[in-house]
Amino acid sequence: MRLLRYIGKRLLHLVPVLLGVTVLVFFISHAIPGDPARMMAGQKASREAVENLRRSMGLDRPLHEQYLRYMKGLLHGDLGRSVRSQRPVVEDLKDFFPATLELTLASMTLCLVVGLPLGILSAVRRNRPLDHASRVFSVCGVSMPVFWLGLMLLLLFYRNLQWLPGSGRLDVGLDPPASVTGLYLVDALLEGNRPVFLNALSHIILPAFCLSYVYLAVITRIVRSSMIAVMEQDYVTTARANGISEPVVILKHCLKNSLIPTVTIAGLSVGELLGGAILTETIFGWPGMGKYVVDSVNFLDFPAIMGFTLVVSLSYVLINLAVDVIYAFLNPQIRY
Amino acid sequence: MPSSTPRSGTDPTGGWRRFREEHAWQIREFFFTLHLLRRNPSAVAGFVIICSMVFLALAAPWVAPYDPIRISLSERLSPPSWHHLFGTDELGRDLFSRVLYGARISLRIGLLVVGIAGGLGTILGAVAGYVGGKTDDVIMRCLDIVLSFPSLVLAMALAAALGPSLRNAILAVAFVMIPKFARLVRGEALAVRERPFIAAAKVSGASHTWIVFHHVIPNCLSSVIVLGTLVVGETILIASSLSFIGLGAQPPTPEWGAMISVGRKFLMDQWWYATFPGLFILVTVIGFNIFGDALRDVLDPRIRR
Numbered sequence: 001m002r003l004l005r006y007i008g009k010r011l012l013h014l015v016p017v018l019l020g021v022t023v024l025v026f027f028i029s030h031a032i033p034g035d036p037a038r039m040m041a042g043q044k045a046s047r048e049a050v051e052n053l054r055r056s057m058g059l060d061r062p063l064h065e066q067y068l069r070y071m072k073g074l075l076h077g078d079l080g081r082s083v084r085s086q087r088p089v090v091e092d093l094k095d096f097f098p099a100t101l102e103l104t105l106a107s108m109t110l111c112l113v114v115g116l117p118l119g120i121l122s123a124v125r126r127n128r129p130l131d132h133a134s135r136v137f138s139v140c141g142v143s144m145p146v147f148w149l150g151l152m153l154l155l156l157f158y159r160n161l162q163w164l165p166g167s168g169r170l171d172v173g174l175d176p177p178a179s180v181t182g183l184y185l186v187d188a189l190l191e192g193n194r195p196v197f198l199n200a201l202s203h204i205i206l207p208a209f210c211l212s213y214v215y216l217a218v219i220t221r222i223v224r225s226s227m228i229a230v231m232e233q234d235y236v237t238t239a240r241a242n243g244i245s246e247p248v249v250i251l252k253h254c255l256k257n258s259l260i261p262t263v264t265i266a267g268l269s270v271g272e273l274l275g276g277a278i279l280t281e282t283i284f285g286w287p288g289m290g291k292y293v294v295d296s297v298n299f300l301d302f303p304a305i306m307g308f309t310l311v312v313s314l315s316y317v318l319i320n321l322a323v324d325v326i327y328a329f330l331n332p333q334i335r336y
Numbered sequence: 337m338p339s340s341t342p343r344s345g346t347d348p349t350g351g352w353r354r355f356r357e358e359h360a361w362q363i364r365e366f367f368f369t370l371h372l373l374r375r376n377p378s379a380v381a382g383f384v385i386i387c388s389m390v391f392l393a394l395a396a397p398w399v400a401p402y403d404p405i406r407i408s409l410s411e412r413l414s415p416p417s418w419h420h421l422f423g424t425d426e427l428g429r430d431l432f433s434r435v436l437y438g439a440r441i442s443l444r445i446g447l448l449v450v451g452i453a454g455g456l457g458t459i460l461g462a463v464a465g466y467v468g469g470k471t472d473d474v475i476m477r478c479l480d481i482v483l484s485f486p487s488l489v490l491a492m493a494l495a496a497a498l499g500p501s502l503r504n505a506i507l508a509v510a511f512v513m514i515p516k517f518a519r520l521v522r523g524e525a526l527a528v529r530e531r532p533f534i535a536a537a538k539v540s541g542a543s544h545t546w547i548v549f550h551h552v553i554p555n556c557l558s559s560v561i562v563l564g565t566l567v568v569g570e571t572i573l574i575a576s577s578l579s580f581i582g583l584g585a586q587p588p589t590p591e592w593g594a595m596i597s598v599g600r601k602f603l604m605d606q607w608w609y610a611t612f613p614g615l616f617i618l619v620t621v622i623g624f625n626i627f628g629d630a631l632r633d634v635l636d637p638r639i640r641r
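Residue numbers (my numbering), protein chains in the order written: chain G, 1 to 336; chain S, 337 to 641.
The set of hints was computed from the structure by calculation and includes no laboratory data.
Here a beta-carbon is modelled for each residue, glycine too, at the ideal position from N, C-alpha and C.
Everything hinted at is true.
20 Å max Cα-Cα, derived EDC-like pairs, lysine to aspartate or glutamate:
#1 S:K601 with G:D295
#2 S:K601 with S:E411
#3 G:K256 with G:E246
#4 G:K94 with G:D295
#5 G:K44 with G:D295
#6 G:K256 with G:D324
#7 G:K9 with S:D480
#8 G:K252 with G:E232
#9 G:K9 with S:D473
Sample of chain S residues with no beta-carbon within 10 Å of chain G, all distances over it, derived:
#10 R353
#11 R354
#12 R406
#13 E411
#14 P415
#15 R503
Just a few of them, taken from the derived set where beta-carbon distance is under 8 Å, the chain S residues facing chain G:
#16 D480
#17 I481
#18 S484
#19 V489
#20 L494
#21 A497
#22 G569
#23 L573
#24 S576
#25 I596
#26 A610
#27 I617
#28 V621
#29 N625
Could you put together the complete structure from these sequences and hints?
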């Protein structure tokens, strides 16, 4: 019951944040020093076209009226029309969303599968070679330009070793599985289509690793430090004194408690992941929202850029809400 | 209040002595911190990296063997050799020279962003924490909104809206970084506000502005310096990412991200083009990150010594 009330409260807190996000995106797209109508129309539009657009967009109205109009559109799922594709931005983003989701989910899985054990191991073997190696690995991770890492991976695994494909979600000529979730890996499994599954898997390995590396570094470090903090507590000593075997102490008594800070940081790092997706998708020709937005940047396609910004930020806010709820679930002491 | 303490500026040695006497404690702390830093291997490593980068940036006109924008079509896309340490690009420009000049640009971006964001963020945070109440609420809620965007995404949207140029990219990244400083300083200001010397300053008639600038902010400076060091690294990453997607430095500016962006087109046959600028980004950012982390450990009173 108290958990439900907490969730309700967090949802209420969400309202001003969501409003704030829309206000900021609105200001960026409407009150910029340049000429929004000119930018929306594209560089090649004629003067009359720009004037018409200005009137039809209501840019000659006072700012607060413009904002109300913008909000009304948003609530109806209207993010404007893309200059490049001449389609509603929402439709475009819908098409590209599953690819981005698949890539981010794969990266997060990779982070947890590699980051958790690595963090635990470096905490258990503190100041031993493995710990030092994992520290170097993490420092490189948080300092790595994602786009450069992607290029280096391509150079090594695609060009030199020729182990993995270099771009796209599937080989050319292979039909994507029937869309249920939009995630090729899941859809191929549902269809029982082994060749497509393996092919999709080989395509996702490089981008997923590239994207997850930064995040992986963060997770490893935070798991390590929170594990160390927990392992020094009295109840752990007691558990050991009671003759409980070391793996059980580590995995059952320590890990659970050290997950609390990990979850918070993991939630905050999703932002890095969403930002990194822009670069990773561009490098690996991954047909997701990130590649879409970079293509839009090159075209100065404003509605598309702003739509992407809004959608990504809203997802980021919602993910952090989910993280807060998980956090409250993990740690019963915390009820703000 | 500051004007009530007369200072004789005539005798320079006397002024220096008085400064040393008045600040004896701070000076001792400073040298102790230096001593701790010297014993910390990652601090030394980070410091060496940062210094070498600063040196290369400053000395680029003398160290660089060629003019970074000199075009020599006969030597285009030649692999690394003794003549061209890092090879040449599609216009025959020497990549080693370009990378060196790139250090100037990236470090300047880092410093400018930390200067702008650190300055504004510190003032905002100090005011929010010191004044408290409604002011605090308004400032922090506004900054929370900025934090609810992934940094690169917001910086990209801003830079795109302002128009693709290096200056706009710097403004965009600085805007994104402000809340980081403000949050940190606010937290510290909340604690400083309760200390006795603030009450003492108040009863001696100091204005709020004076207290913020002479007591609150100086007491938060060490944390701001730590964060600033780490933010330089992050800024270099974000700014080069912006240049990579075409929103920062424009060609022919030898900016690392922009160079990689062009080098990407030649990746399969001319590996050196994209490799070296990226390596420099990586090393520079590592330098700032490990130095910042070490600085934090050394300055943190809880784990100091």
